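Counted from 1, the sequence shown has number 50 at position 47 by the working numbering; the numbering is strictly sequential.
In case anyone wonders, no lab produced these hints; they're calculated from the structure.
As the structure is a computational prediction, the values presented were derived from the model and not from experiment.
Fair warning: there could be bad hints in the mix.
Unchecked claim - Now the in silico label distances, taken between C-beta atoms and shown as ranges:
hint : residue 1 : residue 2 : range
1    : H137      : R111      : 24 to 30 Å
2    : P250      : G227      : 16 to 22 Å
3    : G239      : R74       : 45 to 51 Å
4    : K180      : T61       : 27 to 33 Å
5    : G13       : P217      : 22 to 28 Å
6    : P250      : G73       : 45 to 51 Å
7    : D33       : A170      : 48 to 54 Å
8    : R54       : T78       : 35 to 41 Å
9    : E230      : E84       : 42 to 48 Å
10   : D33       : T72       : 39 to 45 Å
11   : P250      : R111      : 33 to 39 Å
12   : E65       : R254      : 40 to 46 Å
Beta carbons are placed, not taken as given, at the ideal position from N, Cα and C, and that holds for glycine.
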Amino acid sequence: MNIAFVGKGGVGKTTLAALAINWAAERYPDREILAVDADPACTLHYALGLREPATVGTKVEETKHVLDTGRGVPTGMTRGEWLREALGDLIVPVHTLRDGVDLLAMGRTEGRGCYCSVNYVLRSTLDAIMGEYHLVVMDTAAGMEHASRRTSDRLDHLFVVAQPTEASLGVARRILKTAEDVELEVGRAHLALNVVDAAEPWQQLRGVTGDLPPVAMCVPRDEGLREAWAKGNLVGLAGPAVEALEPVLERLVAL
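Just need the whole structure built from these sequences, with the hints factored in.
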């Protein structure tokens with residue numbers, strides 16, 4: 004199963020993705036889980052209490068000439084197989100959680116020059132890597148660049164994270180339009196309203212979402228998150244945000 008959190012920068016998609024990874028690691032102790040940081044800013048590792056990892060983008064830049072030409076790939080091995088081995092070193096165990104939970108950071112995957120052939124090999128290689136896990140949780144770039152580059156072909160659940168403001172909801176609409184334009188296959192799309200004032204009525208929030216997907220969760224403002232980010236670790240966090248997120252995941256994510 005593949006799920007992704009997308010939204011305008013600063014709305015809390017990395018926070019919700021990290022909390023979802025925490026939940027899945029505890030809820031399914033015998034399942035293999037891959038956390039994918041598809042945001043070039045690469046902050047998911049902070050939320051998981053890890054050091055900054057090497058990225059797929061850096062590895063692709065280092066090996067672009069090989070992926071473009073095939074020169075340097077051992078006889079009998081495809082470029083995809085060679086890249087799979089190269090990327091294997093970038094998969095970081097999330098030791099702050101448990102065995103069987105890994106992190107893969109994408110970074111910036113394109114520099115100067117044409118990356119068409121490289122992206123084709125990269126996409127198929129990433130698909131193969133992700134296919135080895137029971138659950139893949141993606142924290143994506145603010146503009147959903149991973150979708151426009153087609154580095155993932157299907158998402159079972161797309162959580163569009165927004166704060167209850169017109170600007171944030173407007174970005175959410177554009178993200179969904181991007182997904183539609185690039186023909187990204189999405190099982191179900193959901194709206195996750197984040198940093199919501201506890202006094203704000205649920206019915207009122209529903210009224211401002213318009214043509215967006217149904218509100219799947221309404222995550223309240225949680226000062227504990229601010230403190231956890233300051234310490235650089237959201238692992239094991241409890242509080243209002245977790246209480247709002249977990250029932251939704253319990254209903255939607257079955258491994």
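Hint by hint, here is what the structure shows:
{"no.": "1", "hint": "H137 - R111: 24 to 30 Å", "in the structure": "28 Å, holds"}
{"no.": "2", "hint": "P250 - G227: 16 to 22 Å", "in the structure": "18 Å, holds"}
{"no.": "3", "hint": "G239 - R74: 45 to 51 Å", "in the structure": "48 Å, holds"}
{"no.": "4", "hint": "K180 - T61: 27 to 33 Å", "in the structure": "31 Å, holds"}
{"no.": "5", "hint": "G13 - P217: 22 to 28 Å", "in the structure": "23 Å, holds"}
{"no.": "6", "hint": "P250 - G73: 45 to 51 Å", "in the structure": "50 Å, holds"}
{"no.": "7", "hint": "D33 - A170: 48 to 54 Å", "in the structure": "42 Å, violated"}
{"no.": "8", "hint": "R54 - T78: 35 to 41 Å", "in the structure": "37 Å, holds"}
{"no.": "9", "hint": "E230 - E84: 42 to 48 Å", "in the structure": "45 Å, holds"}
{"no.": "10", "hint": "D33 - T72: 39 to 45 Å", "in the structure": "43 Å, holds"}
{"no.": "11", "hint": "P250 - R111: 33 to 39 Å", "in the structure": "36 Å, holds"}
{"no.": "12", "hint": "E65 - R254: 40 to 46 Å", "in the structure": "43 Å, holds"}
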